[in-house]
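Enquirer: Chains as they are written, first to last, in the numbering used here: chain W, -12 to 318; chain F, 1083 to 1386; chain D, 2 to 324.
Be a bit skeptical, because a hint or two may be false.
As the list claims (entries may be wrong) - Cut-off 27 Å, straight-line C-alpha distance, at most; resulting in silico cross-link-like pairs (DSSO-like, lysine-lysine): (1) D:K109 - W:K246; (2) W:K246 - D:K142; (3) F:K1289 - W:K129; (4) W:K30 - W:K300; (5) W:K246 - D:K270; (6) D:K109 - D:K133; (7) F:K1289 - W:K121; (8) D:K246 - W:K238; (9) D:K246 - W:K197; (10) W:K0 - W:K70; (11) W:K78 - F:K1289; (12) W:K127 - F:K1289; (13) D:K270 - W:K239.
As the list claims (entries may be wrong) - Which residues of chain D face chain W? A partial, calculated answer using Cβ under 8 Å: (14) T17; (15) L21; (16) S44; (17) A186; (18) V189; (19) T191; (20) L256; (21) M257; (22) L263; (23) L271; (24) P279.
Note that these hints are calculated values from the structure, not bench results. Note that the Cβ used here is the ideal one computed from N, Cα and C, for glycine as well.
Spelled out from the first residue to the last, the chains are:
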Amino acid sequence: MSNNNDNILVEVKDLKMHFPISVGWMFKKTIGHVMAVDGISFKIARGETLGLVGESGCGKTTTGRTILQLERPTSGHIFFEGKEITGIEEKALRTLRRKMQMIFQDPFGSLNPRMTAGEIIGEPLLIHRLTQSKSEYEEKVKELMTTVGLSPAMMERYPHEFSGGQRQRIGVARALSVRPNLIVCDEPVSALDVSIQAQIINLLEELQEKFHLTYLFIAHDLAVVRHISNRIAVMYLGEIVEIATRGDLYKKPLHPYTKSLLSAIPVPDPVVEAQREHVLLEGEVPSPFNPPPGCKFHPRCPVARFPRCREEKPKLVEIEGGQHWVACHGR
Amino acid sequence: MSEPISERTDGAIEPRRISRIGAKAIIRGVFKYKPSRAGIVIILLLAFMAVFAPLLAPYDPNAQDLYKVLTGPSADHWLGTDNVGRDLFSRIIYGARVSLTVGFFSVFLSVFIGSVLGLLAGYRGGVADMIIMRIVDTFMCIPFLPFVLVLAAALGPGLKNIILALSILGWTGFCRIMRGQVLMVRELPYVEAARAAGASGFRIMLKHLFPNCLAPIIVAVTISLGGFIMLESTMSFFGLGVQPPTPSWGKELRTGYSYLETVPLFSIAPGILITLAVLAFNFLGDGLRDSLDPRLRGEGKKIE
Amino acid sequence: MAPLLEVKNLSTHFFTDDGLIRAVDRISYDIHEGETVGLVGESGCGKSVSALSLLRLIPNPPGKIVGGEILFEGRDLLKLTEDEMCEVRGNKMAMIFQEPMNSLNPVKTIGWQISEPLEIHLGMSREEGLKKCVQLLTDVKIPEPAARVNAYPHLFSGGMRQRTMIAMGLGCNPKLIIADEPTTALDVTTQAQLLELMKNLTRDYGTALIIITHNLGVVARYADRINVMYAGRIIEKGAAKDIFKNPQHPYTEGLMASVPRLDHDTKQKLVPIEGQPPDFLHIPKGCSFHPRCVYAFDRCRVETPELTPISEKHEAACWRNVK
């Protein structure tokens, strides 16, 4: 993976997303902020899949939505194809939407129950006026359906007539319809049965190859993320604590949180499991409303050293000549 | 490879029909519920009556026969005649036209105004929401009946004016309902998906929010229809409705009032029809509500 | 030694407007004292219904246990009166549900809820119950247990509520705990903590544990024996090690090949199971898995296979294993 700037599709610099908490009904008073995303930076190269992994409250979903500008960030910069897109106005944003799309988690909720599958898939084509005639539109929709593995004969059916896996395919077809460069996959398989997850993961991988797509793959299941991603960023309470290639992350995890995350995921093999070391954390993920000072992970960290870890926030630094970054004082 | 692996997996399998939402299910549900079945029948009969009035009415409703004033029911005149000798039966049949027309059009206008404002308030939020809601609050403070009567009196009689008067106050309820639904639906993932696809606010409101917020509106419409028909009758009762000689149920009720002792059927017949219409619409509304609700909540408990 | 629980040919059906649903179709398995057994299957396979059937918590209508025996400590639970069954529930057999948010009463304190079964079954007074409650909360590692006893559930996080459920389950020192997808709604690290906790506690208290889950990793780590369910039937059962090393049923095999694993090397292709899980109203004739099975042959489409032994203690319901 080169760091050649021409090759970078998305760049995020010091992105922050703070949601104010306010009280009062008429004259609202802000009493604090939820630091959903608290200063993260990363790059995604063309054609790559960057996995974004973390538990509830870590800010991964918010990051994905902010990149797509579904929410405007509180501060920070987002660059797409080299140009800054933070704070662009509505009109330019809508044109930009052609290039970046999203696949949602909830296979039922993400489809309008009153639209047919064909209408759902074809809507982006209409919005961006990508087809000239009705027959061209229908052709395109049928083509998309075939590409994602749905029979075009099902064009007139409604979402409730499809299974979870099929609905997710509709969502994929919809995202694909405008031939985007970037697709943000927000937990696309979490709501599916185990045996169906593999179908969708394979589909996403195939499509990436066929259409030269770039993915930001957001999930909490590290095994799934690791399978599909080239590089993985681990988030905790709004910050990135480690970024590494898939191989390095599993073989040489550096951050204590990453280690405990890996050890928390059981491998479906009793023999392997019997030999694994379990690193258990104390306590639970704290609320992003009142995060701990210094390194946010320090209260639960098995190797925290005081007073430094409590007072100083560790920076994300590069280790071993590229491709592996970690934010920990213990390095 | 030319064909994606996944095609083998889903192409040949029939999609499962897990549950049935949509017009068919709603109609099924409505027919299941006995009172609403009756309601539909009655409404259809009344509509039939209104549409085919010229074919059904034995006499011209405005034809006066001063030799046969205030007769009771007879073989010639099934319900008797009114105070200027017009056949009551025919007048009541034609009366359906006025009542149903006023009912439908005023509800339609109210729903239109209320929905548009409700959509804007719910989707835009912020200042727009506040302004619209304060307007709604203001209108809702005005006592309905007196205001409508005053308005009708100011505008003058006539079909169009009644419809206008009823709509001017009637939209507020629909606005509230629509706004409430929009607040819920706009948080759903598919609305966000539309935004992510680049849909404009207008498109989202029209294609995504409106169709999915309709259910409680539909129920409210059926119940309002009954209410508005009642109101038209009241207005006609007070002399603010349609002009003579056009018959309307309320008008006949009012005129017949003076002759209750001698020719009670004069008032009672239109009264019964008004009651029937209101009841029918209410039953239909009940049936719709029952059949829409559980379906809306999803597929019911899944078996794990 | 006789098993603690023996389920024999248990069937639970649902009589719905749309048709008959055989949610649980003649399943049989057993569990010994102190053992951990996994019940594995995807959503809609009937595993939760089977668990509710054990405690006779099936809503009637539309559901009904239509056949079989549930022998718990030698007694058939299906033959007990409702009063006698209440004696068993929460006392000898406890259940931990999937959604900790919904399983706790929001208007009663934690102390009251944990103490309730203690008072009912063990005849403790409120005071004694609350004291035991503090001890239980300490066991499940809830910080500041003495203060928490008077707290309400909405103040607890998901992980803490689930721990409370575990404490409630353990209160009367039951012989068997059924955990229905106990960690699905929780974060990964919290899941790990909770499962580890359950493992230690069941070991310390000598409780048998049935873990119901769709997560193969969880059963690989914690279960001694496994039952794999598909479309309401158990299609493979055996020791965890045997099943993972040598899966005999194509469904089990397919599941294992389709799950991404942490220890997989670079870009190993996942092999999904084709098609989708069956609709209970339209279960395929013959072997319910045959439309999705890569090995299916004629017999599979016509006759339903029963469980046949592969080796000692390893059984699978597949025509490939029958001559």
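Enquirer: Honestly, which of those hints from before does the structure not fit?
Expert: 1, 9, 14, 15, 17 and 24
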